[in-house]
Each structure stands twice: as C-alpha cells, then as structure tokens.
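Enquirer: Based on the hints, put chain B in the right spot on chain A.
Which chain is which? The protein sequence lines are A and B, in order.
What the first sequence shows, in the working numbering, is residues 27 to 320, in sequence order.
What the second sequence shows, in the working numbering, is residues 27 to 320, in sequence order.
A couple of the hints might just be wrong.
No copy labels: a pair is met if it fits in one copy or bridges any two.
Computed list of lysine-lysine pairs in BS3-like fashion (alpha-carbon distance at most 27 Å, straight line) [stated by the list, open to error]:
1) Lys111 / Lys75
2) Lys315 / Lys111
3) Lys75 / Lys306
4) Lys51 / Lys75
5) Lys86 / Lys75
6) Lys51 / Lys306
7) Lys283 / Lys51
8) Lys315 / Lys81
Derived from the structure by calculation, the hints contain no laboratory data.
Because the structure is a prediction, the values reported are computed rather than measured.
2 protein chains.
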Amino acid sequence: MNQIERVAIVGGNHGNELTGVHLVKMFQQYPNLINRSSFETLALLGNLKAIEAGKRYIDKDLNRCFTNQGLQNPQLSSYEDTRAKAILQILQPQNQPSVDVIVDLHSTTANMGLSLIFCDLHPFLLRLGAYLSSINPMVKIFINQESREGGFLRSLCELGFVIEVGAVAQNILNAELFHQTEQLIYAILDYFEGCNQGNIPQINSTLTLTLYQYIGTIDYPRSDRGEIQAMIHPQLQFRDYQPLNPGDPMFVTFEGKDIFYEGASTVYPIFINEAAYYEKGIAMYLTQKQQQVV
Amino acid sequence: MNQIERVAIVGGNHGNELTGVHLVKMFQQYPNLINRSSFETLALLGNLKAIEAGKRYIDKDLNRCFTNQGLQNPQLSSYEDTRAKAILQILQPQNQPSVDVIVDLHSTTANMGLSLIFCDLHPFLLRLGAYLSSINPMVKIFINQESREGGFLRSLCELGFVIEVGAVAQNILNAELFHQTEQLIYAILDYFEGCNQGNIPQINSTLTLTLYQYIGTIDYPRSDRGEIQAMIHPQLQFRDYQPLNPGDPMFVTFEGKDIFYEGASTVYPIFINEAAYYEKGIAMYLTQKQQQVV
Chain A
27 MNQIERVAIV
37 GGNHGNELTG
47 VHLVKMFQQY
57 PNLINRSSFE
67 TLALLGNLKA
77 IEAGKRYIDK
87 DLNRCFTNQG
97 LQNPQLSSYE
107 DTRAKAILQI
117 LQPQNQPSVD
127 VIVDLHSTTA
137 NMGLSLIFCD
147 LHPFLLRLGA
157 YLSSINPMVK
167 IFINQESREG
177 GFLRSLCELG
187 FVIEVGAVAQ
197 NILNAELFHQ
207 TEQLIYAILD
217 YFEGCNQGNI
227 PQINSTLTLT
237 LYQYIGTIDY
247 PRSDRGEIQA
257 MIHPQLQFRD
267 YQPLNPGDPM
277 FVTFEGKDIF
287 YEGASTVYPI
297 FINEAAYYEK
307 GIAMYLTQKQ
317 QQVV
Chain B
27 MNQIERVAIV
37 GGNHGNELTG
47 VHLVKMFQQY
57 PNLINRSSFE
67 TLALLGNLKA
77 IEAGKRYIDK
87 DLNRCFTNQG
97 LQNPQLSSYE
107 DTRAKAILQI
117 LQPQNQPSVD
127 VIVDLHSTTA
137 NMGLSLIFCD
147 LHPFLLRLGA
157 YLSSINPMVK
167 IFINQESREG
177 GFLRSLCELG
187 FVIEVGAVAQ
197 NILNAELFHQ
207 TEQLIYAILD
217 YFEGCNQGNI
227 PQINSTLTLT
237 LYQYIGTIDY
247 PRSDRGEIQA
257 MIHPQLQFRD
267 YQPLNPGDPM
277 FVTFEGKDIF
287 YEGASTVYPI
297 FINEAAYYEK
307 GIAMYLTQKQ
317 QQVV
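One chain only, chain A, in its complex shape (with noise of 0.2 Å):
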C-alpha cells in the first residue's frame, strides 16, 4: 500500500439526507478536524442544488450519474449529470493527482446503524473495517460488488466506500447518530495517519471480521398498476442486519395479511423500509452473512 495523500469527505450526495451535509459545512467551518498531518483532507458538499431544495435530487440520483459512460457523454446536461462531471473535475483534477480515498456520507430509514458499504473485498479496506468494527459494534460492513457499475460516486477510486448511517428520516438530524458519524470519521482519518506513519493501529491478529455480502433485492408486493399492496412486516421493521428464516412473516397488507420470506436459506436483510427506495422498486436488499479472517 502506497501512502494516502488525499482524502475525500462527501456529504449530500443526496440532498435531504442532512447528516453528511451538516458535518461536511462543519468541517469545512472548522478544517482542523479533518486536518491530518501525513494527508490533505478535502470536504465537499454532492448535490448543491438538491440540498438547497431538501430534496434527495432535483432531475435524477446524482449518486447513479457516475458511470464511465455519462461522464464522458457531453450530451447530458441535467443539473445532476453536470454536477457529477464537475464532481469528477475536483476529485480527479486533470494534470495533477486523484484523490486515493472518498468516504461519501449518507443516511437511511433503515436501522443500518453505522454501515460501511464497500464495492469489493480490498484488503486495506477489509483491515479498517475491521479495525473500525472492533473499536465500535455498531459498525457493520456490506459488501456490494454490483455496485461497481452503477455509477455511485464511491466507484470513483479503489478506496472509496460509502458511511450508510440510520434510522433517521430525510430531511433532519439525529444529534447522537450525527456525534456517532463524526467521531467514525475521526477514527478513519486517524486509521490513514497511522497507515502513512507506520503505526497501523492493531488489531487482534486472528480477527474474523462479518462481512454482509449482497444478494439481490425484494420489491414490495405491487398491484398490476404498480401500485405497492404490502409494508413491511413489523416483524422485520427495524431489524437491518439480522435473520430472516423460510417462513418468517416478511410483509403485511393493509387488509392485514401476512406475506412470508420463502427463499430456501436464512438470509440478512438491509435497507429495509428506505423511503427513497420505493421508487426504485426496493424493500430490501438481501444479504448473507459471513466471516472473513482478516
């Protein structure tokens, strides 16, 4: 591993998630914090318009208009595809070097606690989620291999990952998961300052760290006319991360009926109930849990 020499904070890559937003104004008020001595970190506000708005965008997701294609596709002139090109422009400046890592600061409906969302089984990033995990439980790690092609900004570089914290509703804060997020973002810088100085924090040698690796996604149960005909099961409300059993009540209509899961195995559901989802035909993703030696 080469050293770290820039660092990316992202905040309001959706507009209405205000977590990020509000810590990534602060650290550009207060740069101290996120100043480190062996790296140049660098805070940055996504969707600008969107966050003026209080909306998740204003034409489309910003956070699916970093594919290989649209940046280079000059023909697309919606705020979110200009936003994204300009986004590129600061991260990737031409002539001089790239960042080496984003860490791109979202929230969720979901009960996802502090999740760490990765696009592959780095190394260097499976150690600091694992550093990460052990000094706080509350830090999941998701592995979501799809993703790499789906324009999310964290694709940008090898090191970028996405902060997934929740439940908390669009369009507030929640202090105690705010203080969580910002002092998990102290921790990482602090992780990069040690890497750079040859003082990897360390952690248990034989740490097996749990990874939740993606399977697929469940819509909701929908009529002919899209319209949704299910929530999700209070059974399942809130529990992001833990077992969901063949059998086990998955949905309930509004006449009251339950819906079952009959996949053939225990899977690990996230993102469960994300309100911007709905549109996108998501309920939840599916995931299986499993232990990586790292």
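Expert: Only chain B this time, still in chain A's reference frame:
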C-alpha cells in the same frame, strides 16, 4: 348534540405522509370498512399532485390554505389554492348539507404516538378524546386554539380534528402505526354510531382527561443567515409529551455544546424534530399539561 349525518376522512393533505394516503385508498376500495348504519362516511385524498410527487406540497402547504380569505379569493390560483376550493366544495357543497365531522390524517417524524389535535375544548370532542384514551393509552390530546385561524383543513367544521401519528419518516409506511391508526378510526366511527343510536360508549364518569394545551413554538438556534446551528438534544429526541424542566438540555450544537431550556416552569414539548417544520422555524411545540374532568 344533533345527529352526525356525514363524516369525512381525509388522507394525503400532505402528499408525503403515506399512512393517511394508503388508509384512504383502502377505504375507497373497501367502503364497508367505514360504512356505519346511522351516517355517511366519505374517504377523500387531499393533495393529489403532491401524493403523486411524494412531496408535502407542490407550491404551498395545502393545510394552510383553508382560510376564509383564501377560499373566497378568486385571484389565488396555485395548485393548492385551487385544490382547497375543490375540497371545500366537496365537504360543504352549495345547497346541500355540509359534513359534520372532518378526520384529517397526518403523520410526523416526532414520536407523538396516536395524537388527536383539537382546535378547542368542544365538549363532544373532549368526551370522544376521553373515550379513545381510555381504550388506548397511546392516544394523546393536543389542544391548539391558535390553529382555528391558521387555514387548517380541520377548521372547516366545528367537529374537525387531526389524527397525527408518529414517529414515522416521510414517504414510508410503518405497518404497526398504520394498523393502530386504522383501529383508532374504527373506534371513532363506532363512537359516532353509538352517539347517533343513543348508546354513547360509557367511560368512568369521574374520568379526568389529560390535555396538552398549546403554549408556543421554539425554533432551532440559527446563524444570522438563518442556518441552524444546533440539533435536538439526544435526551429530548423522541420524548414528546414528557416533562422538560428548567435547566434540562434541549439542543446540542454541531460542535457538541449543550443548550438548556431556560423557561421558568416545566413544559411538555411535542412535534420534536418534525421534518416539515425546519422550514417553518419550529424545532418543537411547547405545551402545558392539564387535567380536565369530562
């Protein structure tokens, strides 16, 4: 009290409050659920365009458009002004009897359980509230006499009131709150049926009803430019209807400094951290708790 002849149940007065939207859609699909023998029940969606868009409103808050002045002003032509006039025409048609009761369904990111909001101390509503809170301790009664003048839908008739349920994020459904709200609506309709038939559901005749009376609102601490500088304190978050004593922490700044309640007496905050109230300059409502014999 005369007979109740017509009851209107309105959902989606705010388009991103899905509990009411989907309850009304279900009642429209299965009218038997809300039909009672002694009166007519109408289930009505409020802000149709905002429901479609998943937003609170399109141009302005529909639930502030029901002022006499606004309803009589043909110059006002925003979507919400137009829709308010159309709703008035449905609820109070010319040359036909008006509805006697409006039940306006709302949800909030504050932890308000099943709250009833009344415009005044109308004896019929107080008895209804006493009955409902006697069968379900989650039911709380908030009296907001200021709201008579605020252009709220509920102010269109003497027996207009709000059911405000939470905590639930905007644009999601919480199955438990959905079904609790549904049961509360049936209890209300059954109560009206009993009254019409001379069988008013009996409660302990010496019952004292707990009421929360409006005192005022508190804004977030803000900068000169209007940006919020603090969040609801973790010790106050989700503690709606619980006592806030002089000297108790109320807010915490982004930098972590506590801000204390400096009032002279104990108050009972509600609507704590409601997402839609950030733009209205309201961090919470303050109420005083009082007992009333009904």
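Enquirer: Looking back at the hints listed earlier, which ones does the structure fail to meet?
Expert: 2, 8
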